[in-house]
Amino acid sequence: MKSLLAMILVCMVVVANGQDKKPQSPAAKAEGKIGAANITINYSAPSVRGRKIFGELEPFGKVWRTGANASTSIEFSAPVKIEGKDLAAGKYALFTIPGENEWTIIFNKTIKWGAFSYKQDEDVLRVTVKPSKIAGLVETLQISIEGEQVVIQWENTKVAFTVKG
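Position 54 (the sequence shown) corresponds to 54 in my numbering; numbering is contiguous.
Among the clues, some could well be false.
[Said to hold, decoys possible] Dumping the calculated EDC-like pairs for lysine to aspartate or glutamate here, alpha-carbon to alpha-carbon at most 20 Å:
#, residue 1, residue 2
1, Lys158, Asp86
2, Lys29, Glu102
3, Lys109, Glu75
4, Lys158, Glu139
5, Lys85, Glu102
6, Lys119, Glu155
7, Lys91, Asp123
8, Lys112, Glu75
9, Lys52, Glu100
10, Lys62, Glu100
11, Lys112, Asp123
12, Lys119, Glu31
13, Lys22, Glu56
14, Lys33, Glu100
15, Lys52, Asp121
16, Lys33, Glu102
17, Lys29, Glu148
18, Lys85, Glu148
19, Lys119, Glu139
20, Lys81, Glu155
21, Lys81, Glu139
22, Lys62, Glu146
23, Lys62, Asp123
24, Lys62, Glu148
25, Lys164, Glu148
26, Lys158, Glu148
27, Lys52, Asp123
28, Lys91, Glu56
29, Lys130, Glu148
30, Lys29, Glu122
31, Lys109, Glu139
32, Lys130, Glu56
33, Lys29, Glu139
34, Lys85, Asp123
35, Lys52, Glu148
36, Lys33, Glu155
37, Lys164, Glu139
38, Lys164, Glu100
39, Lys81, Glu122
40, Lys91, Glu102
By construction, these hints were calculated from the structure, which means they are not laboratory data.
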């Protein structure tokens, strides 16, 4: 009986300790307003943790979910122009294709787990933008709304696309 109670106590301690751990890629949110459009971006924010990100962990030329875990979602309450191209109000998966000299920003109509089942024929809009290098390290992925831009920063890379409401 004592050994059964000891086993139960050990299991409870293990479960309790497991509850204290923070996720490696915690949920994050960016919100803002550009013109008439309220914008909400939900994503999971991975960290560098000593790794080389772009070109290695996230290969150049391959679709990335722009975060970790579930696909990043971006929602516009009103129609907008992204880099001068029309995008209807709605909620989209935000995918990107990183490149050394150019990134493709993708608005896809299907929000799923990761980019494993990504289908290009479900893209609503694609635009290309130029990345820039950041002097310091951005340890944890940050997506923000700054002025009329959505800004993605991670590791030593910054990518921004223009939104007009």
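For each hint, the structure was consulted:
{"no.": "1", "hint": "Lys158 - Asp86", "verdict": "24 Å, violated"}
{"no.": "2", "hint": "Lys29 - Glu102", "verdict": "25 Å, violated"}
{"no.": "3", "hint": "Lys109 - Glu75", "verdict": "11 Å, holds"}
{"no.": "4", "hint": "Lys158 - Glu139", "verdict": "12 Å, holds"}
{"no.": "5", "hint": "Lys85 - Glu102", "verdict": "18 Å, holds"}
{"no.": "6", "hint": "Lys119 - Glu155", "verdict": "27 Å, violated"}
{"no.": "7", "hint": "Lys91 - Asp123", "verdict": "12 Å, holds"}
{"no.": "8", "hint": "Lys112 - Glu75", "verdict": "15 Å, holds"}
{"no.": "9", "hint": "Lys52 - Glu100", "verdict": "14 Å, holds"}
{"no.": "10", "hint": "Lys62 - Glu100", "verdict": "12 Å, holds"}
{"no.": "11", "hint": "Lys112 - Asp123", "verdict": "13 Å, holds"}
{"no.": "12", "hint": "Lys119 - Glu31", "verdict": "27 Å, violated"}
{"no.": "13", "hint": "Lys22 - Glu56", "verdict": "25 Å, violated"}
{"no.": "14", "hint": "Lys33 - Glu100", "verdict": "30 Å, violated"}
{"no.": "15", "hint": "Lys52 - Asp121", "verdict": "31 Å, violated"}
{"no.": "16", "hint": "Lys33 - Glu102", "verdict": "26 Å, violated"}
{"no.": "17", "hint": "Lys29 - Glu148", "verdict": "17 Å, holds"}
{"no.": "18", "hint": "Lys85 - Glu148", "verdict": "14 Å, holds"}
{"no.": "19", "hint": "Lys119 - Glu139", "verdict": "30 Å, violated"}
{"no.": "20", "hint": "Lys81 - Glu155", "verdict": "28 Å, violated"}
{"no.": "21", "hint": "Lys81 - Glu139", "verdict": "30 Å, violated"}
{"no.": "22", "hint": "Lys62 - Glu146", "verdict": "27 Å, violated"}
{"no.": "23", "hint": "Lys62 - Asp123", "verdict": "15 Å, holds"}
{"no.": "24", "hint": "Lys62 - Glu148", "verdict": "27 Å, violated"}
{"no.": "25", "hint": "Lys164 - Glu148", "verdict": "6 Å, holds"}
{"no.": "26", "hint": "Lys158 - Glu148", "verdict": "15 Å, holds"}
{"no.": "27", "hint": "Lys52 - Asp123", "verdict": "29 Å, violated"}
{"no.": "28", "hint": "Lys91 - Glu56", "verdict": "30 Å, violated"}
{"no.": "29", "hint": "Lys130 - Glu148", "verdict": "16 Å, holds"}
{"no.": "30", "hint": "Lys29 - Glu122", "verdict": "24 Å, violated"}
{"no.": "31", "hint": "Lys109 - Glu139", "verdict": "30 Å, violated"}
{"no.": "32", "hint": "Lys130 - Glu56", "verdict": "19 Å, holds"}
{"no.": "33", "hint": "Lys29 - Glu139", "verdict": "17 Å, holds"}
{"no.": "34", "hint": "Lys85 - Asp123", "verdict": "14 Å, holds"}
{"no.": "35", "hint": "Lys52 - Glu148", "verdict": "30 Å, violated"}
{"no.": "36", "hint": "Lys33 - Glu155", "verdict": "26 Å, violated"}
{"no.": "37", "hint": "Lys164 - Glu139", "verdict": "29 Å, violated"}
{"no.": "38", "hint": "Lys164 - Glu100", "verdict": "26 Å, violated"}
{"no.": "39", "hint": "Lys81 - Glu122", "verdict": "19 Å, holds"}
{"no.": "40", "hint": "Lys91 - Glu102", "verdict": "25 Å, violated"}
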